[in-house]
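Numbering that gives the first Met the number 0 puts the sequence shown at residues 0 to 753.
The reader is advised that the hints may include incorrect statements.
Restricting the straight-line Cα-Cα distance to at most 16 Å, the calculated cross-link-like pairs of lysine to aspartate or glutamate (EDC-like) are [as the list claims (entries may be wrong)]:
#: 1; residue 1: K422; residue 2: E257
#: 2; residue 1: K289; residue 2: E432
#: 3; residue 1: K422; residue 2: E256
#: 4; residue 1: K112; residue 2: D234
#: 5; residue 1: K264; residue 2: E417
#: 6; residue 1: K698; residue 2: D528
#: 7; residue 1: K110; residue 2: E238
#: 8; residue 1: K629; residue 2: D528
It is worth saying that the hints were derived from the structure and are not from the lab.
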Amino acid sequence: MANVTRLQTAYSNLPVEAPPPGSQQGPQGDPSPSVSVRNILGMLRRHKLLIGGVALLGTTIAWLVANQLTPIYQAQADIVFEAPDGVQTTIGPNSAAPGPTDFNADAEAAKLKSESYARVSVQKLNLIEHPQFNHDLAPPQQGRFKALFAPVLKLIGAAEPPPPPRLPPEEVRRRLDAMAPDLKEPFYNRIAGDWAAGLSTAALPFSRVMSVRYRAADPQLAAQSVNQAIRTYVDKQKEGVAGNVLEFARLLSTQLEEARVAVVKAERELAEFRARNQLFDTGDASSLTKKLYELQSQLLQAERDLRDKQARAVSGIQPNDTTLQVELATAEKRVAELQGAGLGPTHPAMIAAIRQLGAVQGRVNAERGRAVDIARREVEATALSVEKLRAEVKRVEELITQQTVNLAQLRGLQAEVETQRQKWDLLGKRYTEVEFIKTAGTKSPVRVLSEAETPGFPVAPRKDLIVLMAFVASLALGVAVAIVIELMDSGFRSIHQLEQMTGVAALGMVPFQSGRLRRNAKPWMNIVDKPNSAYSEALRTIRTGIQLSSADHPQRTVVVTSSVPGEGKTTTSLSLAAASAASGARTLLIDCDLRQPSAHKNIGVENEAGLSEFLSGQRNLEELVHVEPKTGLYYILAGKRPPSPTDLLGSLRMRKLLQQLGDAFDLVVLDTPPVLAVSDALLLVRQADTTIFVVRWEKTRRDIASTGVKMVYEAGARLSGIVLTQVDLRRHAQYDYTDSGVYYYRGYKKYYGE
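Between the sequences and the hints, there should be enough to build the whole structure, so can you do that?
Structural data, given as structure tokens:
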């Protein structure tokens, strides 16, 4: 205790100087997770039991269900539809032969599965007494639970014999005979419908071949049903062809008589039309056309003459007498010359010249009036001639139009006569062919290529395929559940992940104490009891990392904190201090959690007095420093809870204490409260040389840890690194990280002694 006495004596002489804030980079945020083959394989390996369990459960259920399904057998036969023989049953674009002239797979399939065909096949096969269709002959069904496990009971030889049918066949036949007709008909229809449900067809593309198939639980019934369905179809087709021929013959006879009457009627109407319109020679039409052409030419010439004469009458008519025109020009010239000589109108010569000019103009006007009268009479005569020509052209055009209409009607009547004659001839030819078919007999338009044989293997259900699909589906479901679990994981799985999230270097991982080591009430004592264990080596690695974090400035005071309680902060503090003490260094542990102290419980002593009493001045330091005898570790407990722990930890007395103890001891470890709970630790991180941040493996949420680290940085801490605690190495080995448990647990396990 001499060291403690010297510390107490020199305590008041220490200078007070706060360490500068840390300069490390703070949290970087959550990086986007990378997807790689290694990550996927690691995820599958971690959840292999879950995935395998889901796949096994789903496959088992599918196997049990598949074994409950009734095996279905399929028989098949092929038929071919013969090409038509060319005899048509109707006249027109939709004409067809007595058999199927144009192969329609859908129509023929509908016939095969029709109710009338099915009724015939059901009676031929006597399905009334078959248990599959008459439920009174079938044994009662087992319960669902017993039926589900019937395959398992059969494998172990504990299956029950099949129960007897509900009614014996004799009783069923007696009841059918006694059944009323109105009840028997629906009963037969139901059986026919149930039987037809198993019938199917498939046409071979680009051919007239059709495959007829039937599926049933009884292989013999499947083959018999196919063959009987084809026989019924062939018989029905023969009956249909024969009936069609007879009906067609009667129809042709009626149509032939109707065609004869139509021919006679058309010829009579043609003759009457010719006589009524006198259309015995088509030469009149051409002569009328020629006459119309000549009249139109004359009309054009007359209209041209009329326009010329009208133009002359309008523009003015000059006299035809040349002498008058010469005299008029001479008189006008004489007057002009006298005026040019300057003679006035009163001059005798001018008066004589003007009188001479007036006389000549009078004779000219008289001559012009006679010419105008002659021109008017010519225009009137020409106009009258034009009107007569127009009337004649119109009359001829009307004659030609009427003649054209009559000729068109005549041609229509002639065409009708020709059409009726052709139809009569065609019907006569068809009637002769049908009479020949009636005499020679009919044949089936369908031929059987191959009959159905009893199938040897079921076609459904595909139990192997069902089980395989169920295995794949359940395997995918297991993988999906594993992916959901991985996506819901919000904790840290490796120091690599921790470094990426927080941006702070990791000092190492502390293994979770399980099995025999976990039963030790003091895990930190394994540093002494099991010095070669992985746990002890991990703490020594962390201690080395703290020492190397700042080679120029010795890290003597270390704050250990975390985000929330339960992350292994106190155990890590004790283990780190114990590892330091075990190496021979003078080490002191101070429980700075004045609110919820727990170091005394781990050490195994009572928390009677400690740091709280010293900071409040109630006790001396030498009274509070104790030594753990087994490890040689010095420690100061928290003491009683003070009224204001924050004020005490942030006091000047606390700062001086840390500086004093840092000089006296090689290492001082401060176990502090979590930073998200209270601010006590934030007051100490700035005063200490360094800080380590504790994060619990898998449990601590990433956002919480990131927030805690950020708060520590903002408080001015020098952060040496982060420690990942309580790591399950076996589970951690399933992750594909460089720090995974494969590194610790497999490759280097031989170096550790548990």
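Verification of the hints:
Distance check on the hinted pair: K422 and E257 sit about 10 Å apart at the alpha-carbon level, within 16 Å; holds. With a C-alpha separation of about 54 Å, the suggested pairing of K289 with E432 is violated against the 16 Å cut-off. At most 16 Å may separate the alpha-carbon atoms for a hinted pair to count; K422 and E256 meet this at roughly 11 Å. Among the hinted pairs, K112 with D234 is consistent with the structure: their alpha-carbon atoms are about 15 Å apart, no more than 16 Å.
Distance restraint check for K264 and E417: the Cα-Cα separation of roughly 12 Å lies within the 16 Å cut-off, and the hinted pair is therefore satisfied. Between K698 and D528 the alpha-carbon distance is near 28 Å, which puts this suggested pair outside the 16 Å criterion. Taken as a hint, the K110 and E238 pair is honoured in the structure, with Cα atoms around 14 Å apart against an allowance of 16 Å. For the suggested pair K629 and D528, the alpha carbons sit about 10 Å apart, so the restraint of at most 16 Å is met.
In summary, the structure is inconsistent with hints 2, 6 from the numbered list given earlier, while agreeing with the others.
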